Each structure stands twice: as C-alpha cells, then as structure tokens.
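Participant: Quick mapping for you: the protein sequence lines, in order, are chains A and B.
Under our numbering, the very last position in the first sequence is 432; numbers go up by exactly one each time.
Under our numbering, the very last position in the second sequence is 142; numbers go up by exactly one each time.
To be clear, the hints were calculated from the coordinates, so they are not data collected in a lab.
As the structure is a computational prediction, the values presented were derived from the model and not from experiment.
Keep in mind that the hints are not guaranteed to be accurate.
Said to hold, decoys possible - Result set (PhoX-like, lysine-lysine): computed pairs, CA atoms no more than 25 Å apart in a straight line:
no.: 1; chain 1: A; residue 1: Lys-407; chain 2: B; residue 2: Lys-50
no.: 2; chain 1: B; residue 1: Lys-59; chain 2: A; residue 2: Lys-372
no.: 3; chain 1: A; residue 1: Lys-407; chain 2: A; residue 2: Lys-323
no.: 4; chain 1: B; residue 1: Lys-59; chain 2: A; residue 2: Lys-200
no.: 5; chain 1: A; residue 1: Lys-200; chain 2: A; residue 2: Lys-149
no.: 6; chain 1: B; residue 1: Lys-107; chain 2: A; residue 2: Lys-372
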Amino acid sequence: MYWEPDIETMPRPRLENMQLTKLKRTLEYAHRSPFYSQRFAAEGIDINKLRTLDDLRRIPFTVKQDLRESFPDGLLCTSYEDVVRIHSSSGTTGQIIVVFYNQHDLDSWSNLMARCMFGAGTRKTDVFQNCVGYGLFTGGLGFHFGSEKLGALTIPSASGNSRRQIFLMQSMKTTTVHIIPSYALVLMTVLNEMGVDPRKELFLKRAFLGAEPYSEATRRRVEEFYGIDVYNSYGLTEMNGPGVAFECTEKAGMHLWEDAFILEVIDPDTQEPVPDGQEGELVFTTIDRQAMPILRYRTKDLAFVYPEPCPCGRTHRRISRIKGRIDDMMIMKGVNIFPTQIETTLMKVPELGSNYLIVLERRNLVDEMIVKVEVRPEFFTGDLRRLERLRAQLVADLRTEILITPKVELLEPSSLPISEGKAVRVQDLREL
Amino acid sequence: MAHQIAVFAENKPGRLGQVTRILAEAGVNIRAMTIADSGQYGVIKLLVDKPGIATGAFKSAGMAASQTEVLAILMDDQPGGLYRVASALESARINISDAYGFIVESKQQAVLVLDTDDAVQVLSLVSGLGLRTLTDDELYGL
C-alpha cells in the first residue's frame, strides 16, 4: 500500500532530522544562485549558523515577484550545462516565471508523482490517460513521468479533442485519468451527447483532479457521474508542479511530502505561523532540489493542516483542500468571497449544469454580483414556476454562503464558453 | 391526451428565430405557441404536429426541451364556451397551471389547451359537459 514504506511511515522525529539535513544542503545550493547570495548578504544571514528547523524562519520569504524579477535564471544555482529541462507557470496572472530541473530534480519529482499515484491505488496493471496539457505546463509531463516510473501503461492524450479522449478511454480500457476539474465537467456533457454511459461503457476506476480549486460538491458530482473515486492533487510550478501533496485512499486531506518540502502555514497579514487546524497561507521550502531551490515560498494558497494523523499510517501531515488562491479572492461590500464557495452551492443543485460564471459589476457606486449558471437539459420540466423557485432558492443559499445577495441568471445549456485549459470563473467588470 | 413541448430560452434577440428554425428544418408544423417569461429567461410552449421529432431536434441542438401531456379540449366558438369549462373547474377546485386557446375555424370550433394539477378529474368534468379532448393526431387533423 506504500510506494516507499520507510519514508512514508517514518516516525516524525526521524523525518524532521532528515528535513534538517536536507535543508542544510539546500541552503548551500541556494547560496550559489545570484538571487539568494545577494539576499543572504543583504540580510546578514550566515547559512552555517542555521542549526534547527526553526532557524529557517530567519530567512525572508520568497514571493512570486522575486521570481519574476530574476527572470529567467536569477535563482539558478548551477550552469545551463547541468540542467536538463525547464517548466513555466501558465502566466495567467502576469509575467511568466521559469523553473529549472537537473536530472536529480526530475528523478525526485517523478518518484514523488509515482508515490502519489500509488498511494491512491494505482498499480502497474493500470492504464493511465493523462488528459491535461503537455508542454510548459507541469501537469502534463509531471504525471507522465510519474506514471511511467510506476510502470503503468501511459497514454499522453493531452487536453482537448473530447471525442478522441473518450474513444481512447474505451479502446485502451483506461482505468485512471488525470484531468482538470472544469474539463472533467465538460467531458460529462460530451458523454451525454454521445450517449455513452461512463459507468457501463468505460473502465474508469479513479481520477486525479487538480490545477484548479474545486469544491467537495464537484468531487461528488464527478464521482457519481463516472462511478469512480476522485483524488485531490496539489502542486505548483514553483515546487516542481504536481506531486507536492496528494490524497491517499482515505480521501481525507492531502499528504504533503515532507521529505521533499518543508511546510509552514502563516497568517497572510501578520506573516506569523498559525496552529494546525487553522487556515492560513501555505509556505514551502524545497529540500530535495539541486538546480533551483526556493526558500519559504509564499504560495498565496489558503488551506489548513489536519491536526490528527491519517488512519493510513503515513506520518507526512495532511493539508486540506485549497480554499482558494488569495489572488482569486473577490472583495464585495467588504466581504471576502472565493469562487469555490459559490461553486459549492451551485453543484449541490441537480437542476444546474456544471459551467458557471461570476460577473462583478459596479452600478451607481454599488457592487453587484451576477452568478450565471446553465440549466441542465435532463432536469428541465417545462415549468417556469419551478425554475423561478429554483432561482429564488439559489439566491437564498448563496446569501447564506457568501453573506451578500447576488443576482442569479439561468442560462441555456452550453451557452457559456468552455475552456479546455484552466477555466475562467470570474469576470470583474468593476472600474475601481 | 395531446403533447406540448416546452423549450427553455434566455430572453434575448434571436431566440424565437432559433427555435422556429430548428422546427422548420425538422419539417415540423406549429399549431399554437405561447411564451411564459420571467424577465431574464422564459419558457416557450409549442403545440406541433410531430412532438417527438420536435423534442428530439431541440435536444440534439443542445437545448433544454421537454414534452408534457396537456388537455386539448374541443369547444364551440361561441359566447360563454370558455366560461362553462372555467366554472366547472372552479367548482371542482382544480387549479390551472397554464391555459391558452386557439380558434380552428371562426364561429365554429376552438381549442382550449389546459395544463392542470389533476388531468384525470378534468377529463371526466369535460366529458360531463359534453365536450371532448383531442389526441395529437386529431389536433393536427383539424
């Protein structure tokens, strides 16, 4: 049940010792990069004087802007000759950043991915279809090499071309898929149109969903539709990509691989650590990367650490589902709102489709939120009063969840644009 | 019983055009139509000569459409015709969800389309008044 039993179930004191050893080595590597050598000098940090894990807190945070400003290779600790690959963030929120990997880094990453997939029940007898974008996006190649490391038959189907995806799933008897949540929902529509019953005519057992925040209600909807188990996957380009944290078969939080990353959870405003169980911003330090270590990276992702150990026996701590990225947070009338809160409410209603859009407008100096969601053809009865009741109920449920009253518009099926990459869920038309 | 088709449509230009184009391309003839509107969206209700084909055409165009049974009551086109039916329903305390009518031939015959909570009871009331309801085939044979 474990890919690496000794590491995955290592007693905490030994695990923390291991972290300290790896951290010291990482600091030596980092010191060779222009960025960190300047920063250590500017802050008067002598890496040889850092003796405990707590001493890590004397090093300043690294933020995305640091990576942008040191584009392309300010954080690289070695020469181009030594490195073998780069990946890059999708650049949806600004200028791109680049991460370099040498062969050790790629091997380490592939092993972490194999560990994740194995822990969620995947074996070499499985057939794995990787339905996400390849190329600079880490989700494609990250899972691809993990699956090959595991020994599973790997189909690099990439994203898009929905009918071919389904054709491959049928003809190769795919058991396991990696897919972006919004695309899993798009494929549901396509399967309906094609008249393919995924529970009877596909061979799927499990899916890995990540790269976009999504709600527990969406997980249940996908699980029920396909008749599979859905496992949460967490990662970010700056920390290799996927494979940072992953759910085991308990499906109760994602194990964060603490032999490769040191986790801190901080209050984003005070920057002070918060106790386990309390939500805060995730901060990571790589401790198994040679080409480009990153120290105390502020992810802007909000989650909490489960205080109690997991029944599966792994000692690596679990983080919760990501509530949202601080960047995704909307502020309306002084209230903080995350798109996932709205999604949770919408996905509980069987009459509604899976595609939605949140539009923010400002009219006469008053902010308004309009939630646009498609109706689901299968549940349409032709009764206008029922739709009106549904809409009124939805307004009430959303008000309970987000504390402001949105407008709700019901749309015709398939009328919102679908994206085969990361879905756009919020349109902010306010002129601030 | 006759069949009525309901199509969900957002309230924006071109919607009725799209609905009727799909019917035209499927070779379906429209007997009667009514629109219930809530502002941002509405439901277009149609009586057509080939309800099954029409529903299938809407669904394969990816639209939300459903087919329901309604009562199509054949009446004389004369003063008080509708009142007789309405007062019978009122004394039986039957609620009408939706109703509309159309004239088949002026001063001769009209059809009242009724969607109610209790179709069985309405059927017996209507036959008690000496009126009869039409099937799909009869409706389009008029």
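Participant: Please name the hints from earlier in the document that this structure breaks, with their numbers sorted from lowest to highest.
Facilitator: Structure breaks hints 1, 5 and 6.
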